[in-house]
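Asker: In case you want the letters, here they are:
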Amino acid sequence: MRIYGRLLHAGIRQQSTYRLAALGGLIANATFGFLKVAMLFATVRAAGGTLHGYDIGSMSTYIWLSQGMLGSINLNGRTDFSDRIKTGDVAIDFIRPLNVQGAHVATELGRSIWALIPRGVPSILIGAVVVGMTVPSTPLPYLAGICSLLLGFVISATAVYSLGTAGFWLIETHGIQTLYMVVSGFLAGLFVPIYLFPHWLLAVAEVTPFPSMLMYPTNILSGRTTGVDTVALLAQQVFWLGVTVLVGHALTVRGRRKLEVQGG
Amino acid sequence: MSEPIIATEHLTRRFSRRDPDGRLGLRRTTLTAVDDLSIRIHPGEAVGYIGANGAGKSTTIKMLVGILVPTSGTVRTCGRDPLRERRQLAREVGVVFGQRSQLWWDLPLRESFTILGAIHEQGRAALTDRTDELVTTLGLGDFLTTPVRALSLGQRMRGEVAAALLHRPRLVILDEPTIGLDVLSKQQLREFLTAERGTHGTTLLLTTHDMGDIERLCDRVLVVDHGHLAYAGTLDDLARTSGAKRILVVDLAESASPLTGIPHTEHLSSQGNGVRQQLAFDPDRTSAAKVLAAVSERAEVLDLSIEEPDIEDVVRRIYHSRM
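First to last, the protein sequences are chains A and B.
By full-length UniProt numbering, the letter at position 30 of the first sequence is numbered 30, and the numbering carries on one by one without gaps.
By full-length UniProt numbering, the letter at position 151 of the second sequence is numbered 151, and the numbering carries on one by one without gaps.
Do not take every clue at face value.
No more than 20 Å apart at the CA atoms, straight line, and that leaves these computed lysine to any residue pairs for SDA-like [what the hints assert, rightly or not]:
#, chain 1, residue 1, chain 2, residue 2
1, A, K86, B, Q99
2, A, K86, B, V301
3, B, K290, B, V301
4, A, K86, B, T74
5, A, K258, B, V301
6, A, K258, B, T74
7, A, K258, A, G242
8, A, K258, B, W105
9, A, K258, B, Q188
Calculated directly from the structure, the hints in this document are not laboratory data.
With these hints in hand, go ahead and build the complete structure from the sequences.
Answerer: Here's what the structure looks like:
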C-alpha cells in the first residue's frame with residue numbers, strides 16, 4: 001500500500017504544479033455556482049419555499065458543496081489512461097511492478113484531494129460568505145461526510161478508469177467520454193439534486209454509480225441524510241466501489257489481451 | 001552454460017488489421033509482426049537486436065517484458081513467464097523506450113527517482129546510494145530539480161536511463177535509446193552503459209538503427225527480418241556471412257593506373273590521378289597483407305588504411321539475400 005500512497009502523493013504534487021489553472025477552476029466553479037443559485041432559489045421560491053425537502057438554506061448548501069466537489073469528481077470522463085492507450089504510453093504502465101488499475105486510481109485520487117485545496121474549500125467558503133448556507137451543528141455528519149466524500153472520489157476514479165479501458169478496443173474514446181460527461185453530471189446530481197427528478201428518472205439514477213460520487217456525499221455532509229439513512233448511503237457507495245473496481249479489473253485483463261501499443 | 005536470461009521458442013505475434021480496401025471496412029487482414037522466433041540470450045551478454053522498421057523488434061521486446069500477449073510460442077525472461085509474472089519480472093528488468101517517457105512529466109527529475117524507488121520498494125539508504133551513483137555517472141546533477149517537461153531531449157534520455165536502472169535490474173532492454181540524440185549525448189550514454197555493464201555485469205539487449213550503438217556496445221547481434229530471425233552471431237561473423245568486403249585505401253608515391261587484377265580484390269575508385277586508390281577485398285579469400293604485397297609490387301605505398309564493412313550495408317545485404 002505504501003507504493004500506492006506514494007503515487008497518490010505524486011498525483012497531489014502533479015496537480016499542485018498548475019496553480020493558475022486551479023484559480024481558473026475556482027472562478028468557473030463560483031460562476032457556475034451563482035447561476036445555480038439564481039435558478040434553484042427561484043425554483044424553491046416558486047414551489048412555496050420548500051421543494052422535496054430543500055429550503056433556501058439547504059439548497060444553498062447543496063449548491064456550494066456540489067460546486068466544491070466539482071474539481072475533485074471526474075465527471076468529464078477524460079482519463080490519463082485512455083490517453084495513454086491512444087499514444088501507446090500504456091506500455092510504460094505495464095513495465096512497472098504495479099497493479100495498473102490501482103496505480104491510476106491512486107494518482108487520480110491524489111489529484112482529487114489536491115483539488116479540494118485551491119478549488120473545493122474556497123468554493124464552499126465563497127458560497128457560505130456571499131449567499132449563506134445551512135450546516136449541521138453536530139460533528140457526526142462531518143465525519144461520515146468526509147468518509148463519503150473520499151468514497152465518492154475513489155468511485156469517480158474507478159469509474160473513469162473503467163471507461164478508459166474502452167481504449168483497448170476503440171483507441172479513440174472521445175465519443176463515449178462525451179456521452180459519459182452528459183450522463184454522469186446529470187445523474188450524479190451536479191445540475192439539480194436528483195430528488196427533483198421525476199420518480200422514474202430518480203429510479204434510473206439510483207441504479208447507477210453516479211449519485212455515489214456527488215449526491216450522496218452532499219446529502220451526508222449537509223445533514224440532509226442522518227442516522228440509518230447515512231449508513232445506507234455509505235453502504236451503497238461501498239457497493240458501487242466494489243462494482244467499479246471489479247469491472248475495471250475485468251476490462252483490464254481482457255483488454256490487455258487485445259492491446260496493441262500505438263506508435264510502435 | 002548458465003540458464004538463458006531470455007529464451008523464446010517459436011514466438012509469434014499476429015495483429016488483426018482492418019483492410020482499407022475492404023467493403024465498409026469490415027474485412028480484416030492479419031499481419032504477422034513476429035514469426036516463429038527462437039532466440040537465447042545469456043546473462044552478461046550485450047546483444048544488438050537489429051532490423052528495418054516494422055521488422056518486429058519492438059513487438060518482440062514488448063512480449064519479452066509482458067506488455068504484449070504472444071499469439072503462440074513461449075517466452076521466458078529472467079526465468080519467468082512475462083505474462084503471469086509481469087510484476088515480479090518488472091523488478092528484475094529495466095526498460096528504456098526511446099520514444100516514451102517513464103518519468104513524471106510535471107515533477108522535478110529527482111521526484112521521479114523517489115517515486116520509482118518506492119515503486120521498486122528500495123530502502124531509503126539503497127535508493128540514495130543508487131541515485132547518487134547514477135547522478136554522478138550520467139551527469140544529472142545540473143538538472144535534478146528541473147521539471148521533466150523542461151529538460152532537453154539529451155537530458156531527458158539520461159534521466160530515462162537512470163530511471164530504468166535505478167533498481168539495479170539484471171537485464172536492461174533499450175529500444176532506440178539514442179534516437180534524436182546529438183553525437184556527444186550518444187557518446188555519454190554509450191560510455192555509461194559500457195561502464196554499467198562492466199561494474200554490475202548487467203545484460204543488455206539493444207534495438208537501434210544507429211550502428212554506432214551496436215559496434216560500441218554489443219558483442220553479439222540478432223538480425224530480424226519480417227519477424228524472422230535472419231542472423232544470430234558476432235558482428236565480425238555477420239560481415240563475413242553477408243559477403244561484405246573490407247576496403248584497403250592506399251596512398252601511392254606517384255600517379256598510377258587503376259590497380260586491377262589483384263586476386264579476390266575489386267578496384268573501387270581512384271583519386272588524384274591514381275595517387276589514392278580504394279580496393280575492396282573479401283577477407284575470407286585473401287588478407288590485407290596479401291593485397292598490400294600485390295599493390296607494393298606495382299607501386300610504392302606511402303600510407304594505407306583499412307575500412308571495415310559498414311554495418312548498415314551488411315544488414316542490407318542480409319535482407320537482399322533473403323528476398
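Asker: Confirm or reject each hint.
Answerer: Verification of the supplied hints:
Restraint check: the Cα-Cα separation between A/K86 and B/Q99 comes to about 14 Å, which is no more than 20 Å; the hinted pair holds. For a cut-off of 20 Å, the pair hint linking A/K86 to B/V301 is broken: about 62 Å separates their Cα positions. Taking the CA atoms of B/K290 and B/V301, the gap is about 14 Å. The hint holds against a cut of 20 Å. Restraint check: the Cα-Cα separation between A/K86 and B/T74 comes to about 28 Å, which exceeds 20 Å; the hinted pair is violated.
With a C-alpha separation of about 65 Å, the suggested pairing of A/K258 with B/V301 is violated against the 20 Å cut-off. With a C-alpha separation of about 18 Å, the suggested pair A/K258 and B/T74 falls inside the 20 Å cut-off, and the hint holds. Restraint check: the Cα-Cα separation between A/K258 and A/G242 comes to about 24 Å, which exceeds 20 Å; the hinted pair is violated. Simply put, A/K258 and B/W105 have alpha-carbon atoms about 27 Å apart, too far for the 20 Å limit, and the pair is violated.
This hinted pair does not check out: A/K258 and B/Q188 have alpha carbons roughly 38 Å apart, beyond 20 Å.
In this structure, the earlier hints numbered 2, 4, 5, 7, 8, 9 are contradicted, and the remaining ones agree with it.
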